[in-house]
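Input sequences plus hints: build the corresponding full structure.
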Amino acid sequence: MQSNVPAWFGKCSLSAALIFIACGIATARFGHSLQLPATTARDGALVTLNRYVDNPIPDIVLTGSSLTFRLKEEYFETPRLRNLALAGGSVITGLQIVASQPQIPKIIIVETNVLSRPPDAALVERFSAHEGRHGLFFRPIRTAVAAYENRIHAPVSHAEVEASLQRLLEQPPSDFDNHVYVERAIQQMKEEYPISIVQKNVETISKLIDALEQRGARVLLMEMPYAAPIEASRASRTTSEIVHRAFPDPGRWLPMNLDRAELRWADGVHLDERSAVLVSRYLDERFLSRPNYARAPSKN
Amino acid sequence: MTFTSWQFGVFAAIVFGAYYLPPFRPFQVQLLVAASLFFYGYGQPELLPLLAIAVCGTYLFLILTLRQHRWLPVGIIFNLGLLAFFKYKFLFLDPKAPMLVDSAAIDFLLKLPLPIGISFFVFHNISLLVDLTRDKTAPVPRLADIFLYIIFFPQLVSGPITRAGAFMPQIEPKRLSDVPFIDAAKWILTGFFFKLYVANNLNEMTSYMDFPLYETLQTQDRWLLVILYSYQIYADFFGYSAIAIGLALLFGYRLPINFNLPYLSASFSEFWTRWHISLSNWLRTYLYFPLGGNRHGGFRTYLNLMIVMGLGGLWHGAGFSYLTWGLFHGILLVIERPFLNFLEALDSAPLRALRVAVVFFFVTMLWIFFKLPNFDHALGYLAGMFTANTNPNPPKLFYNLALLYSLPVMLQHLRVASLFEGGLRRWEPYAYGVLGALAYLEAGPESAFIYFQF
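Going line by line, the protein sequences match chains H and W.
According to this note's numbering, the stretch in the first sequence is residues 48 to 347, in order.
According to this note's numbering, the stretch in the second sequence is residues 11 to 464, in order.
Calculated from the structure, these hints are not laboratory results.
Since this is a predicted model, take the numbers as computed values, not measurements.
Glycine is no exception: its CB is placed at the ideal position from the N, C-alpha and C atoms.
A few of these clues could be false.
Stated by the list, open to error - Short derived list, chain W residues pointing at chain H, Cβ under 7 Å:
(1) 48
(2) 192
(3) 409
(4) 413
(5) 417
(6) 418
(7) 439
(8) 442
(9) 443
(10) 444
(11) 447
(12) 451
(13) 452
Structure below.
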């Protein structure tokens with residue numbers, strides 16, 4: 048046996064222990080509030096969810112898929128609004144996390160375009176129990192990068208970006224040719240349409256709405272605009288039919304009467320930045336002009 | 011059971027604890043065989059009969075070959091047949107063909123799962139048949155020893171591919187006092203660090219190389235991701251091999267080194283002496299030399315190189331992308347061969363640096379065929395590297411994270427570790443402690459070892 052084995056392992060353990068202690072102290076001191084940069088859609092979801100459960104509960108929260116994810120919070124003039132839409136995720140994941148918190152927003156907007164994905168049980172579990180949600184240690188490299196990124200790209204408010212948003216809106220709609228992406232998206236929609244999952248998800252949404260409205264929130268449904276060929280696809284129409292059949296009350300729905308000629312979809316499905324700003328502005332107007340959205344709970 | 015799971019940690023600790031206990035000392039081989047069977051069958055016990063058929067069949071042909079040498083090719087064909095059946099059958103058969111589906115027996119056989127690590131243990135089997143039958147007077151090895159050589163759990167799933175002639179003599183009673191604990195710890199810590207810190211974190215970024223995600227990437231990000239994948243696949247496989255070597259040391263066995271700073275290679279032939287060394291050695295010993303190697307003139311040499319590299323590509327997977335990858339490496343070996351002596355004679359550091367860069371560039375570009383086994387997708391990715399993408403919403407990649415997660419591969423290739431063999435020697439244990447802590451704290455999302463699929 049090598050003679051210096053105990054000394055070698057002692058030193059090795061010592062340096063490892065020091066790193067753990069340093070990270071543990073730093074985590075206890077600074078918490079997990081630093082927003083880690085997102086390298087993937089799931090990473091982005093973690094950032095969004097961390098912020099939602101760590102910060103004060105907003106008045107309005109948007110839940111949905113990557114379609115709604117495009118509506119950045121700084122695009123909205125409406126104060127105390129949070130976008131909890133999860134790129135690549137299910138609307139139910141966000142909705143369940145909202146419902147699991149001790150306090151809930153006054154208005155909850157639920158996007159109903161993409162209902163074919165099952166909820167992410169692991170994410171719901173992770174963010175439902177507030178106590179002990181975070182580990183003892185943060186990730187030192189990511190946290191350091193997060194600190195750097197936050198420093199050079201500090202989160203912006205609507206007031207800070209208003210001028211640039213205005214400039215963006217003054218530009219004409221993009222002439223980017225997205226037909227390849229549209230065709231591919233339609234092809235994918237044709238390949239698989241899990242109708243049973245959609246129906247199950249609609250039932251789950253209905254139960255969650257009941258539970259949330261019993262706690263005083265007002266839940267509104269919203270259909271994000273698609274490119275016309277996608278909207279005409281069988282999958283889109285079937286989803287819309289199922290969800291409208293389950294929620295027939297027009298008062299339950301947030302109208303989306305925008306000028307479609309102004310909207311563009313980079314890949315046929317997701318709005319480009321200018322269009323996302325337009326939709327955000329439109330929603331701002333709805334929120335400001337219809338304060339009764341926050342009226343007493345109603346059942347379908 | 012994967013090396014990075016907590017279940018494996020518990021399993022390895024229990025086996026190690028029992029292995030050196032005095033009551034188990036006479037049964038160390040049997041204990042390792044039982045542990046390896048548990049390791050292999052954990053979660054997929056239906057694979058165990060297939061493994062048993064492969065090992066027992068090889069043992070039978072070994073005995074027959076020791077009696078009559080004409081059985082050797084039959085034994086090799088038996089093993090290649092296993093590999094062909096499980097891995098390549100759907101190249102030639104349509105699984106939905108009525109004549110196959112209608113027969114219950116054939117349908118059952120076609121639906122058998124691909125045994126994990128079959129590419130590796132079939133090569134072990136062939137090595138066993140060839141190496142142990144060279145000496146006709148050699149005694150027939152014990153079945154338990156044969157089992158251990160083939161299914162020794164550190165190397166079972168993804169190698170290193172150990173030659174029977176190098177492993178079998180190591181089978182003897184082991185003592186705890188002979189275990190090189192520090193060496194084992196260095197290998198294991200390094201392996202976990204490269205897998206968890208480097209490979210798993212880079213995997214998050216290179217997931218954007220998958221179809222159709224890559225179509226949204228900016229052109230410069232396509233280039234970046236190819237380089238990151240080059241680092242990732244190295245870190246992933248080097249990490250696995252390092253853990254395997256370290257684990258084997260704990261049980262008293264020395265497995266061959268599988269990587270030797272491959273991205274420092276100044277020629278493609280040098281690359282294959284530094285990358286997946288155990289596979290290169292196997293292909294050279296059991297395929298290239300029997301084909302005639304370089305002993306029959308230039309044309310035969312080039313042909314042999316192309317055959318070996320083409321089959322080496324197909325060994326990784328039954329797909330046109332893998333074949334293309336292998337054949338391109340063969341072409342590069344053929345092209346450089348006439349100039350190799352001339353280039354080697356030029357003793358110039360800048361020229362060597364240029365050659366290293368050229369080899370790295372081509373090797374890295376060819377990894378695209380590994381990342382995207384669908385040939386059309388691979389070509390689509392390649393084409394996009396040379397055309398501007400006008401997608402207005404490309405994904406954002408954090409270049410600083412890409413650099414920080416790639417850094418260990420770069421530093422390793424700059425031979426930073428050699429500093430700890432000199433003046434910084436006393437800091438070495440502390441450095442390994444840092445690696446261990448970072449492997450845990452900064453581990454990327456769990457992902458399977460890339461070579462598990464082969």
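Kindly indicate which numbered hints from before are broken by the structure, ordering the numbers from low to high.
1, 3, 4, 5 and 6
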